[in-house]
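Undergrad: Sequence:
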Amino acid sequence: MARFDLQKLYIDGGYSDAGSDATFEAINPANGEVLAQVQRATFDDVERAVVSAEKGQKIWAAMTAMERSRILRRAVDILRERNDELAALETLDTGKAFSETKYVDIVTGADVLEYYAGLVPAIEGEQIPLRDTSFVYTRREPLGVVAGIGAWNYPIQIALWKSAPALAAGNAMIFKPSEVTSLTTLKLAEIYTEAGVPAGVFNVLTGSGREVGTWLTEHPR
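Just so you know, we're using the UniProt record's numbering here: the sequence shown kicks off at 1 and counts up by one.
What the hints contain is simulated information worked out from the structure, not anything from laboratory work.
Everything numeric in this text was worked out from a predicted model, so none of it was measured.
Please note that the accuracy of each hint is not assured.
Said to hold, decoys possible - Using 25 Å as the maximum straight-line C-alpha spacing, the simulated SDA-like pairs for lysine to any residue come out as follows:
{"id": "1", "residue 1": "LYS162", "residue 2": "TYR115"}
{"id": "2", "residue 1": "LYS96", "residue 2": "GLY14"}
{"id": "3", "residue 1": "LYS58", "residue 2": "THR217"}
{"id": "4", "residue 1": "LYS162", "residue 2": "ARG74"}
{"id": "5", "residue 1": "LYS8", "residue 2": "ALA151"}
{"id": "6", "residue 1": "LYS102", "residue 2": "PRO121"}
{"id": "7", "residue 1": "LYS55", "residue 2": "TYR15"}
{"id": "8", "residue 1": "LYS55", "residue 2": "GLY14"}
{"id": "9", "residue 1": "LYS55", "residue 2": "ALA199"}
Take these sequences, add in the hints, and give me the full structure.
TA: So this is what it looks like as structure tokens:
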């Protein structure tokens, strides 16, 4: 019996069943224990995540810079409050020593998020005077919806490193963690929602790089 319940996809601000019954195992590499069955996203799930992200991104981008900054700082606070819990889960999922996950993985990920949260109010364009009757100005606009692909060795840290600048700039992200280590990225999605990030702004799709990763990177939108 798996230690944890079935791990679902995270779409539109909450856990969501995948479009098929296909799953894969999350295994503790230290002892071979099956930690959980993890749902495998389908192409239709990718489409659902894209629609959700497009909707959420409009809400997120319409917020003031200070509002986005405060929400991301709140996520930093939650990460630090839950550091030991997240580190223990990361140790189970990756097989790394708890001394590393406790003092490196979540800590450095939260530090990066804090850094970008502080930069949000400084993301602005320029006004360039030409002559007395005219001027030129630039505006910095978010790209919209972006994809992130994680790796097995620093799951939540990499998810934070990729999502922090994307969300700070007003984008939404659909993130695919490594199928070998998916568990803490799903917890990160919970934390973003708890902090006040709008539904759809950070979606997590679990599955293989060959399938889910390809669908995301080749998606026309």
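Undergrad: Against this structure, judge whether each hint is valid.
TA: Hint-by-hint comparison with the structure:
no.: 1; hint: LYS162 / TYR115; verdict: holds, 13 Å
no.: 2; hint: LYS96 / GLY14; verdict: violated, 28 Å
no.: 3; hint: LYS58 / THR217; verdict: holds, 21 Å
no.: 4; hint: LYS162 / ARG74; verdict: holds, 18 Å
no.: 5; hint: LYS8 / ALA151; verdict: holds, 19 Å
no.: 6; hint: LYS102 / PRO121; verdict: violated, 30 Å
no.: 7; hint: LYS55 / TYR15; verdict: holds, 17 Å
no.: 8; hint: LYS55 / GLY14; verdict: holds, 15 Å
no.: 9; hint: LYS55 / ALA199; verdict: holds, 8 Å
Consistency note: the structure conflicts with the earlier hints numbered 2, 6.
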